[in-house]
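J.: Mind docking chain B on chain A? Use the hints.
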Amino acid sequence: DGGITQSPKYLFRKEGQNVTLSCEQNLNHDAMYWYRQDPGQGLRLIYYSQIVNDFQKGDIAEGYSVSREKKESFPLTVTSAQKNPTAFYLCASSPWWGDYGYTFGSGTRLTVV
Amino acid sequence: DQQVKQNSPSLSVQEGRISILNCDYTNSMFDYFLWYKKYPAEGPTFLISISSIKDKNEDGRFTVFLNKSAKHLSLHIVPSQPGDSAVYFCAASGGNQFYFGTGTSLTVIP
Chain A
5 DGGITQSPKY
15 LFRKEGQNVT
25 LSCEQNLNHD
35 AMYWYRQDPG
45 QGLRLIYYSQ
55 IVNDFQKGDI
65 AEGYSVSREK
75 KESFPLTVTS
85 AQKNPTAFYL
95 CASSPWWGDY
105 GYTFGSGTRL
115 TVV
Chain B
79 DQQVKQNSPS
89 LSVQEGRISI
99 LNCDYTNSMF
109 DYFLWYKKYP
119 AEGPTFLISI
129 SSIKDKNEDG
139 RFTVFLNKSA
149 KHLSLHIVPS
159 QPGDSAVYFC
169 AASGGNQFYF
179 GTGTSLTVIP
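Residue numbers (this note's numbering), protein chains in the order written: chain A, 5 to 117; chain B, 79 to 188.
These are computed hints drawn from the structure, not numbers from a lab. On a predicted model such as this, the values are computed, not experimentally measured, just so you know. Worth double-checking, as some hints may not be accurate.
[What the hints assert, rightly or not] In the DSS-like style, the derived pairs of lysine-lysine whose C-alpha atoms are separated by at most 27 Å in a straight line are: (1) B/Lys149 x B/Lys115; (2) A/Lys61 x A/Lys18; (3) A/Lys87 x B/Lys83; (4) A/Lys13 x A/Lys75; (5) B/Lys115 x A/Lys13; (6) B/Lys83 x A/Lys61.
[What the hints assert, rightly or not] One side only, chain B facing chain A, incomplete, derived with CB under 7 Å: (7) Glu120; (8) Gly121; (9) Pro122; (10) Phe178; (11) Thr180.
Note that beta-carbon positions come from the ideal geometry of N, C-alpha and C, so glycine has one too.
Pulled out of the complex, with its shape left as it was, chain A reads as follows:
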């Protein structure tokens, strides 16, 4: 079945460490996205990629980095520079940039301890 796989589901990180969240899709989608969800807030866009080897900052990119070396993969690194990394992270994809047919992964909950 086609879809998006995010791993791990739960992740714990010590303060000051970088951590990478995985996002893989087998939908042959060009565009991929990373969102962050905090209690009482809507999903906020961290980074997006319209196509392989290209990515752009979203509204809250500070303290995060991404890569898009393969069409299927869009990993997100939460760096030690991110001041409040504890959150729920959602990856999504769509057939192309501007297409409204988003498919979401099931998310990764990151907790900094």
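T.: Just chain B now, kept in the frame of chain A:
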């Protein structure tokens, strides 16, 4: 600044009755709106959409209404079923990216 707002964090409805979920937005340039449904431990899934050229769109038990002058949209679920219990997000776009609301947790009581 939150451009899309869902002011009711939660809603409880009896099975068989109508559920009405509301969403307000601030940007008059938004021209496409969606509703997503999310179960615990799963990602959001697309439910229904509406473009700004319409004021209503129906899909089975789900109807979305758009009031552009009030910058307000609502999702009606009739009749509500226990399986509809989930968190519902509205999202809006002006073509560049989507902005999501904070979600409303709907509980349908059998």
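J.: Give a verdict on every hint.
T.: Going down the list of hints, with the structure as the test:
For the hint linking B/Lys149 to B/Lys115, the alpha-carbon distance of about 21 Å falls within 27 Å, and the restraint holds. At roughly 25 Å between alpha-carbon atoms, A/Lys61 and A/Lys18 fall within 27 Å of each other, so this suggested pair holds. Note on A/Lys87 and B/Lys83: the hinted pairing holds, with a Cα-Cα distance of about 25 Å set against a maximum of 27 Å. For the suggested pair A/Lys13 and A/Lys75, the alpha carbons sit about 22 Å apart, so the restraint of at most 27 Å is met.
Annotation: proposed proximity of B/Lys115 to A/Lys13 holds, straight-line Cα distance about 19 Å (limit 27 Å). Distance restraint check for B/Lys83 and A/Lys61: the Cα-Cα separation of roughly 23 Å lies within the 27 Å cut-off, and the hinted pair is therefore satisfied. Annotation: interface hint on B/Glu120 holds; nearest CB of chain A at approximately 5 Å, less than 7 Å. At a threshold of 7 Å, the smallest CB-CB gap from B/Gly121 to chain A is about 3 Å, leaving the interface hint in force.
The interface hint given for B/Pro122 holds, since its Cβ lies 5 Å from the closest Cβ of chain A, which is under the 7 Å cut-off. Because the closest C-beta pair between B/Phe178 and chain A is about 4 Å apart, less than 7 Å, the hint holds. Taken as an interface hint, B/Thr180 checks out: its beta carbon lies about 5 Å from the nearest beta carbon of chain A, inside 7 Å.
In summary, the structure agrees with every hint in the numbered list given earlier.
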